[in-house]
Structure formats: C-alpha cells, structure tokens
Amino acid sequence: MSTALHAEWTKLRTVASPWWLLLAMIAATVALSAGGSSVVSCEPAGCDVTKYGLIGVKLGQALVAVLAVLVISSEYSSGMIRTSLTAVPRRATVFAAKAVTLTGVVAVAGTIAVLGSLLAGRLILPRQAYGHPSASLLRATASSVLYLILIALLSLGVAVVVREAATSIGMILGLLYLPPILTQAIGNPRWQELVQQVAPTSGGLGVTAGWASAAVVSGVLLLRARDV
Amino acid sequence: MTRGGFLQVLHSEWTKFRTVRGWLLGMAAAALMMVLVALLAGISSDQRGAPAVPTGPGGEPVTDSFYFVHRPLTGDGSIVVSVADLDSSVPEGLGELRPRVVPWAKAGLIIKESTREGSPYAAIMVTGSHGVRMQDGYFNDRPSPVLAAAVRWLRLERSGDAVTGYASADGKDWTTVGTVQVELGPTAQGGLFVASPQVVEGMGTMASVSTATFGDLHLQGGWTGGNWAGDQVGGESPSFAGYPRPAAGSFSRSSDGFTVTGAGDIAPAVRYSLPTAGTLGNILTGTFAGLIAVVVVAALSITTEYRKKLIHATLAASPRRGRVLLAKAIVLGSVTFVAGLAGAVVAIPVGERLARSNGVYLFPVTSSTELRVALGTAALLASAALMALAVGTIFRTSAGAVTVVIAAIVLPYLLVANPFMPAGAANLLTRVTPAAAFAVQQTLVQYPQVESPYTPYNDYYPLAPWAGLAVLAGYAVASLAIAAVVLRRRDA
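Here the protein sequences come in this chain order: A and B.
Under the numbering used here, think of the first position of the first sequence as 2, with each following residue one higher.
Under the numbering used here, think of the first position of the second sequence as -10, with each following residue one higher.
Hints listed in this document are in silico derivations from the structure and should not be mistaken for laboratory results.
None of the hints are false.
Below, computed lysine-lysine pairings styled on DSS-like, alpha-carbon distance capped at 25 Å:
#, chain 1, residue 1, chain 2, residue 2
1, B, Lys297, A, Lys12
2, B, Lys298, A, Lys12
3, B, Lys5, B, Lys298
4, B, Lys297, B, Lys5
These numbers were taken from a predicted model, which means no experiment stands behind them.
Using the sequences and the accompanying hints, generate a full structural model.
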C-alpha cells in the first residue's frame, strides 16, 4: 500500500495541473466568500457568518470535483491506467491510494481556503457578527473541509464508474448544482423538502457521506470487475 | 479556399457530429430533461380547491382587495369628498403596529361595476407619497396636475360610461385629472375606499393597513338605496395579503363623512402579491439540466479531437483553422438550437397543461411571448454550447472546459436565486455574468404603481429578454474569437 501511495503522490506532485487547480480552488473560494460577505446585509437578525462567509465553497467544490475527476480520467484517456494496474494488480489498493492522496491534498487546500474565507469575512463584516467565536467557527471550518473531502471522494467514484472526464464532471456538477434549482420548480412543499434532504449539497454531512460512499463502493466494484 | 471548400469543411464536421452516438444521445437527453422537469413541475404542484385568482377586464391577474363603503348608483351622478388624513402602519413584533409611510396606500372615491372582484372601475385617490392619482382598469394610472395640499378634495362624476375625476386644494377650484370610459352597467356601486398594499421591507414584503378620514361628503344624481354599506372586497383572494394583526377593515360615520380602515390594493398582480402562481420560467427550469448535457457534448466535440489526435488530420485537411472552428460552431450551434427548441416546444404545453389541471394559476402570456421564450431558450443553450466549444478549444481538456462554462452560467444564477441576496448585487450579477441570459425566459412585467421586490429571484430581470441573451452570446463570441486566435497560433 505504501508503494502505491508513494506512486500516486508522485503522479499528483509531478504534474502541474493539480497544483493550479488547487490554487484556483483556494483563490475562487476566498474571492467568492469575500464577495458574499461584502454584499450580505446584517439586519435585522444579525449575519449568518458561517453561511455567507463560506459561500465560496459553492464554487470551490466544483474545482475539487475537477481535480478528483482528472486523477482518474487522465489515466484512462492517456492509457496510463494500464501501467498503474499492471504495477499494482490489487485494484482496490490503487483506488485506495488515489483516494488517500486526494483526501490529503484536498484537506490541506480546503483548510487554507476555508480559513482564508473566514479571515476575509472577518475583515469585511462588522465585528459583532462574530458573536460566538471559536467553537462555532471551528465547527464551520471542520465541516466545510470535511464536505470538500467528501465531494472529492464522490467525484473520484463517479469518475471511475464513467471513465470519461467530461461526462463525469457533467454528472457531478448536475448533482451539486441542480437540486437547489429544481426545488424551485417543484410545487409540493413535501417534495421540495425531500429533494433538499437527499441532495448531497443540502442534506447535511451524513447525506454527503452516503453519496460519497455509494460512489466509492460502485467505483471499486466496477474497477475490479471490469476490463480497463 | 473556395466557398465550396468551406461547405466541405462544414459537411465533414456535420458527419463527425452525426456519427458519434454519445453526442446525439447527449443532445436528446438535453431536450428530454427539459420535458421531464416540466412534467415534474406540473405533477408536483397541487392547488386544487384554492380560491380563484381575480382577473381584470382584459383577463390579466389583478389584485382587487380593498375596503369599500358604498351605495348603488343608478344612471349618472357625482360624489365629492375631502380627505383629511391618511395614516398607515405595518406590523412590528407580535400583534403590534407601528406607523410607516406606505407610498401606494390609497384613499378616495371609486365607482365600480359591482363589488365583484375584477369588475371594471374608475377611481380618484390620494396616496401615501405619490400625490393624487386617477386610476382605472387596474393597469391605468395617471397623476393629478394639482399638487398635494394639507386638505385634498376629490370629485368623481359618472355620465353614462364616462367617469371624470377632479381634484382640488380647497373644494372650490377644480382641476380635471382625467376622463375614462368604463363599462359600469345600469346600476354601479360607488363610494369611498381605502387600500393599503404590501410594502417592501428588507428583502421581502409586509402587509400594511391604512386609515383615512373623509369629510364634506356630498352626493348628486342617481344615488339610491339609502344606507351606506361597508365591505371588504376580495377578502379571500389569493392576491390579498390580509390585514396585519390586530387591524381589521372597518368604517365609522362622523358628522359629515367617514373614517375608513382598509388593506389590499387595486392594481395589476405581481409575483409577490400572487406567490402561488407559476410562470413559464418555472416550467422551463429543466433548461439547467439540459444546459449541463449540452455543455458536456459541446466540450467533447473539440476535446475528443485533441485526445484522439484527430485534430492533426482535421487541420491537415483544411489548414485554415479559423474555418474549422467556424464550421464546428455552425454545426454545434444548429444542433443545439434544434434540440433546445424541441425540448422547449414540448415542455411548455406539457407543463402548462399539467399545472393547470392541478389548479395552478399561471401568469398569462401572449403566444408571441411564448414563442420568444421557446426561441430564446434554444438560443441560450446554443450560445452556451458555443462558449463550451471555445473554452474547450482553448483548454484542450474537457473537464476544465465543462466546469468553467457551467460555473460561469449556473453559479451566478444560484447566487441570485437566493431570497436573501440583496437586490443590488443580484441585479449586477444578472447584468454582467452569462446568467443574464435567463432574462429571455422572463414573462413578468414591472409596474411603477406597484411597490414590490422586482429581483431576479422573483423572475424580474434587470435586462430586457433579448438584451440578457445578448450578454451570453457576447461571451460566446468573445471566447470563440480567443479560441480562433489560440488555435491559429498554437501547434495542434
């Protein structure tokens, strides 16, 4: 496993595009969060710092998804996947190594992006907005980073199942962005609630984790069962 | 290269597109998703048994809810009154009211065919902060040339179906505000009214209530029926926000007039006064799902050439690279337009029929508006596809291209489609970002005489329909131009 991990880390480390994507993710998250903090009006019930100060995660998640998809689909499009699976014939191990590497970089970049967003919000929003300090902010930071990791794993799983970058990313972006739009078209409040509860973006971390594990499990099973 | 040469390039691009099954399926899926979401929107709505939406003489939805102190008027007649005060309040906390200026609070004289909601009328009134107005037919509004004074006198005269409104500062010198034709029937209802519409507060609206003191009441002509009756017109209407507690509609007699308390409005219905109604834009929500499919196919149509190294053969066969890109754009744009149009043309009637059969009221649209929305939606999808083609040419990899285009179009919309988004920021986003194109699906109209949050979240866009589409088309053309330059300068 450690060899596979080392191989995956080398693959990720030595290509320029993942770093650009991570940098873009951090920049986009912080920029949109700062924009969100600057337009939100803080009355009458006070500002929801964790909601608007972290609105950039809505954009950052798309770039995390691209990174996760490219980790897999670039191997399929270049044929590298054959080399990878020949070198490490235990396919679940290859997947696990990719997942761990990805989790690591997304955790680090996600933490920087989230902390940067909160710092930007702190500079922009009035001081009283941060009434309850450390505890709730810590929770917001941790859950946002965890959310980004889960989105990365979800995307990794989908990319293994689909094997083609554009279609994978289309499906993932649909999953991330369509539910809140579709709920507007649904007239029945109960159906609306249902969609919100099962959507990976609005159902809570447990639901997101459910989607991610479903994608990861189907990815691993298909990777083992299928010819490359 | 000759013109025939370009046709050949076009033909080869068409052949490439047509023979990839996945791409055709993607385009079909885009159209299908538009229809499926319209089905979902139609099936999921259920408002059977809801009170009917009042409609005006032209069939448009209106608000016709106000407190009416009336008597029958047979034949011709006139009524004169002075309005001493018009005070409005809005709720504060539970069961408390606080005074507030309600700009379109209305108190004055009205002659109306009957107390039925939506019946024809003509009225002259003082307003909270828009001076003296004469209004009729729910949509017509004209200001008085007389400036508002401390005591304002109003006069309304009926002669057949012609109603003339007058205003005066002192009750002696009268100025004609206007004469309008109204179908009133032989016996109309005439008298005093007070209306008090919802006011914009923060990012939403709140109900208001107003009380007016009328004096110097004087009648002339065919007023019959003896006693004055006080009624809330349109009290159960879906376009009536109700009274803020603990207020209620009422009237009480004074020596030479009345004190009347009322709420509601006599005006065109807007999104906020008719929140249960649907729009064509709601039915076409599936455009977003279709958009994703179209963008994926569009990006693939160029990035696959790079991945399969087919681009070398393509550019060797026709070395004028700009033409290759143009041919691709024409093929992709046309196919997407056709798929989008097919999706919209099926989705609109299906969604409309299902929604109506479930009792949902849809804001009415003319068939030319419906055509504009269908063509505009198809053009929106085609523009998005061209943008994806261009970005795909620049990036040469599909994942990045798909993400950039979808994020550029859908993310601003998502930010705007948030009730807590301030109107200024929402309007800016729907002017300058590619999401401006969704203006082409808007069917609602803003009325200066109705105060309401006219934000993109409520389907009111700052740009006109085609202007909004032009913003996205501009992005598409600009990125195609960059793509053409990049394609020419770079090794394939």
